[in-house]
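Let the sequences and hints guide you as you build the complete structure.
As you go down the protein sequences, you meet chains A and B in turn. 173 is the number that our numbering gives to position 173 of the first sequence; each next residue is one higher, with no gaps. 1066 is the number that our numbering gives to position 66 of the second sequence; each next residue is one higher, with no gaps.
No incorrect hints appear here.
Derived DSBU-like pairs (lysine-lysine); straight-line CA-CA distance at most 35 Å: (1) B/Lys1083 / B/Lys1150; (2) B/Lys1052 / A/Lys48; (3) A/Lys17 / B/Lys1142; (4) B/Lys1158 / B/Lys1013; (5) A/Lys47 / B/Lys1052; (6) B/Lys1132 / A/Lys17; (7) B/Lys1048 / A/Lys133; (8) B/Lys1150 / A/Lys20; (9) A/Lys9 / B/Lys1093; (10) B/Lys1004 / A/Lys92; (11) A/Lys89 / B/Lys1109; (12) A/Lys20 / B/Lys1090; (13) B/Lys1196 / A/Lys134; (14) B/Lys1190 / A/Lys47; (15) B/Lys1013 / A/Lys95; (16) B/Lys1126 / B/Lys1099; (17) A/Lys95 / B/Lys1119; (18) B/Lys1119 / B/Lys1150; (19) A/Lys95 / B/Lys1004; (20) B/Lys1109 / A/Lys9; (21) A/Lys89 / B/Lys1004; (22) A/Lys51 / B/Lys1190.
I should point out that these hints are in silico values taken from the structure, not numbers from a laboratory. Remember, predicted model here, so these are calculated numbers, not experimental data.
For reference, the chains in residue letters:
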Amino acid sequence: MNNLTPFQKNFKNLCMKLGKNNDAVYGALTIAASKGILRPTFTMMDKKQEKKSRTYTAFREGLTGVVAFGSYLITNTGVNKLAHHIAKKTNKLDKLPQLKSTLSLISVSLTALFIIPGICNYATKPLLDKFQKKNLKRHESIQKPKTNPTFTNLQYNRIYNNFNSGLRIGGGL
Amino acid sequence: MIDKIATILTNPKFANFAMNTKYTVTTESIFKATGRPAAIMMDKNVDKDTRKYAATKEGLYQLLCLGIYLTMIPLFFKRYGFKLAQKILKGDKDLPMFKDANEYLAYAKLAGLPKNERKNNKLLQKISDNLKISQNDTATLKQKLLSEEKPPEFPVAKGALELSNLVGTVIGLAWIASELSNHILHPIMKCLGFEKSQNNNKIDTKA
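What follows is the structure in structure tokens.
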């Protein structure tokens, strides 16, 4: 196949890159980013639920994505170092892949079960409150009514209430 | 002490379990489906209804993810993603016409083994006898596996599989599971008694 279209060329380059440098971090980052964006978006679209619950759930889902990716990076490097250390100390360097796999399973399970939910429990509400306060301030500054120093609401009401014109049908109101 | 830990960690049964992707994903998903909802229910910073909603949604989402990961991704995305890549790069020497993704995976495993271990390997039966890099090639890939120390690796084929897995995971787990959980969440919450049908009238629908 000599003449590749630009699409075919780009597709081939992408496949080549993924095939040659298969770092699991790229996959984890893509999945974390897509989940971190799409899950909260879908949650906010659930009109059968109160807005307050949706906001908390969506914020927590986004935060879980961020925390999960961070802990993945930390545990991944930690497991590699620990597996090397144990294999060296016990003269089991030939069993390094098995050590890495079992340690990885243990660390990922513990992280999923305790660490990520723990961090989210600790951080979700304070961060959400800060985020909402910021939004509220911005909203207020945009919607603040402009007051005319020479023409107050009281004056306006007086003029409006005393203004009589045309034919009144059905009384004052 | 460290010897005992190493013995447990390298136990063949445990190691085989940890090296099997299906088992590890299932284990992680079960932990996520139990640990996360439990943690949400313990978050006393928010009211009970919000906790129930968030916890049910999280548990349901994790179970849906597990179902999609075990069924849709290998059956649909791995199979058709690889075929699609072959169609896009039809006739390209870097992506020969393997029958399917499984044939390529068998080839890649054999190519990674030392030459003397390939001949009697069961995986060799999965490789087609007539499979060549291109029609002008004289030797088949099977012959290359048996005669060459380092047969071609085809990183483009590996990348195509990685890409279809990645796309499948994003579409399946981030999009389909999220949308599906939105549709079935409220009926499930009603079944569990977490939501009363009268509540629908009071819902604040402001987005």
